[in-house]
Amino acid sequence: MKEAMEKPSSQVKAKVVARDFRLYYGDFMALKGLNAAFPDRSITAIIGPSGCGKSTFLRSINRMNDLIKGTRVEGEILYEGKNVYDPSVDLTWLRSRIGMVFQRPVAFPLSIYDNVACAPRVQGITKKSELDEIVEWSLRSVGLWDEVKDDLKKSALGLSLGNQQKLCIARAISTNPEVILLDEPASALDPIATLKLEDLMWTLREKYCLVIVTHNMQQAARASDYTVFMLGGEIVEVGPTRQVFTNPKDPRTERYITGKLG
Amino acid sequence: MYNPRRAFDSQLAKLDEDLLAMGREAEAMLHDALKALAERDVRLAEKTIARDDVVDRYRFDIETRAMEIIATQQPAARDLRRVFAALSIAMDVERVGDYSVDICKLAIRLAERPLFKPLVDIPRMANLVVQMLRESLEGFVSRDLALIEKMIKDDDEVDYLYQYLHDELCEFMKKDPDLVDQAVPLILIARYLERVADHITNIGERVFYVETGELKELHQ
Chain A
30 MKEAMEKPSS
40 QVKAKVVARD
50 FRLYYGDFMA
60 LKGLNAAFPD
70 RSITAIIGPS
80 GCGKSTFLRS
90 INRMNDLIKG
100 TRVEGEILYE
110 GKNVYDPSVD
120 LTWLRSRIGM
130 VFQRPVAFPL
140 SIYDNVACAP
150 RVQGITKKSE
160 LDEIVEWSLR
170 SVGLWDEVKD
180 DLKKSALGLS
190 LGNQQKLCIA
200 RAISTNPEVI
210 LLDEPASALD
220 PIATLKLEDL
230 MWTLREKYCL
240 VIVTHNMQQA
250 ARASDYTVFM
260 LGGEIVEVGP
270 TRQVFTNPKD
280 PRTERYITGK
290 LG
Chain B
281 MYNPRRAFDS
291 QLAKLDEDLL
301 AMGREAEAML
311 HDALKALAER
321 DVRLAEKTIA
331 RDDVVDRYRF
341 DIETRAMEII
351 ATQQPAARDL
361 RRVFAALSIA
371 MDVERVGDYS
381 VDICKLAIRL
391 AERPLFKPLV
401 DIPRMANLVV
411 QMLRESLEGF
421 VSRDLALIEK
431 MIKDDDEVDY
441 LYQYLHDELC
451 EFMKKDPDLV
461 DQAVPLILIA
471 RYLERVADHI
481 TNIGERVFYV
491 ETGELKELHQ
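Those protein sequence lines, which keep their order, are chains A and B. Numbering-wise, the first sequence is residues 30 to 291 according to this note's numbering. Numbering-wise, the second sequence is residues 281 to 500 according to this note's numbering.
Any given hint could be a false lead.
[What the hints assert, rightly or not] Covered stretches of chain B, as calculated for chain A (at least 3 residues, CB under 8 Å):
#1 348-355
#2 447-460
[As the list claims (entries may be wrong)] Each pair of labels, with its calculated beta carbon distance range:
#3 A:Ile97 with B:Met347: 53 to 59 Å
#4 A:Pro280 with B:Gly493: 55 to 61 Å
#5 B:Glu343 with A:Ile221: 52 to 58 Å
[What the hints assert, rightly or not] Below, a list of computed lysine-lysine pairs in the DSSO-like style, where the Cα atoms sit at most 30 Å apart:
#6 A:Lys278 with B:Lys294
#7 B:Lys385 with B:Lys455
#8 B:Lys294 with A:Lys42
Because the hints were derived from the structure by calculation, they are not lab data. Yeah, the Cβ is synthetic: ideal placement off N, Cα and C, and Gly gets one too.
Let the hints inform the model, and build the full structure from the sequences given.
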């Protein structure tokens, strides 16, 4: 499990690459020319103080920021070599390839089954047997199947927060994506549910490229292969997590991870 | 029982594995150092000296990994004691390698001429010390404090043998000052073995600490 961590990043294929990426809210430049590569089958954590642009960056990867009025981007974010901001990119397709999990579990007020089946339905899958298979596979992948297989028709809102978050991950992978973006996925969870979620991430990393934004430094340290440290809309440092947390190169990274950045 | 920290546990297990491998390497060095001495085998002594690099590398690897575990996994309780123990045990095992080198250097010097008397007590000491090393590392991995207790008893015997050898060799030198060239290196070798046994006792103390949370001198 740990072997991939020992590989230098240059040997791991990048799934998503940001090139001189800038994002403006009106006149305000929130992301100031970011360059980063997110390797496949790895977990990359983006850390940094509030307002550093880490969530904005994450949301830029599957164009969630398009929903915010007045945003404008420059540079590119490449997914499988193609700029996701290219006008020819179909957003539904993009978001089915690059799924997202949010801070608070956003389980829909539907049955457990329908929560997972909704995205494949949007994709045009209507055959019951096919949907059943996707639902079972997705719930199995997040380790929820055995617990909920007899309650698939019950409301998802009856699940514990930790399980709702797992359900959201099951929903994210129901479209068979390659990249999963997680925006503070554990901040609403208790410590044990948090560790379980991290363990799930370790399992998922065998198949996916995971990018997690977290303000919990210990979580980034525990549960990622690579760490990106951002400050004021810029990337200060990128490196293997074990190196960033034992011997950061930039004094600002050192101040942040030791809790001394005022 | 489901354990959400499998990734962390596998890192800890890898640390144990490396510590054992390092211990086996140091044990082989000590064994060969004594063989080189007994058989006046200069080549074997030189080969053994070169092996010290391997042991040193293990120490740095273990130290680096232990640091990474502390920095990234926030170990607590027994896990934390285990990581600190690994750090300190690696240092003690490294010293075993260093003393083996010292013994090899003296073995090279002593190989020039046949010894004035056959070696009996030094090999006995060496066998005990090698056994102690094995017991202490096995105790660490298998969490078996009985092994540690046995090892501490062996250390008493090593101390006794050292004292006996020391006195005996001093007597020889008093009677025949020409024996100084051989008796002094032999006393030094016995002394190194006694020091090695002390480092191994430290390992036992660490194992005891990991399992009980109590730091104490095991040797009375």
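Hints not upheld, ascending by number: The structure conflicts with hints 2, 3, 4, 5, although it agrees with all the remaining ones.
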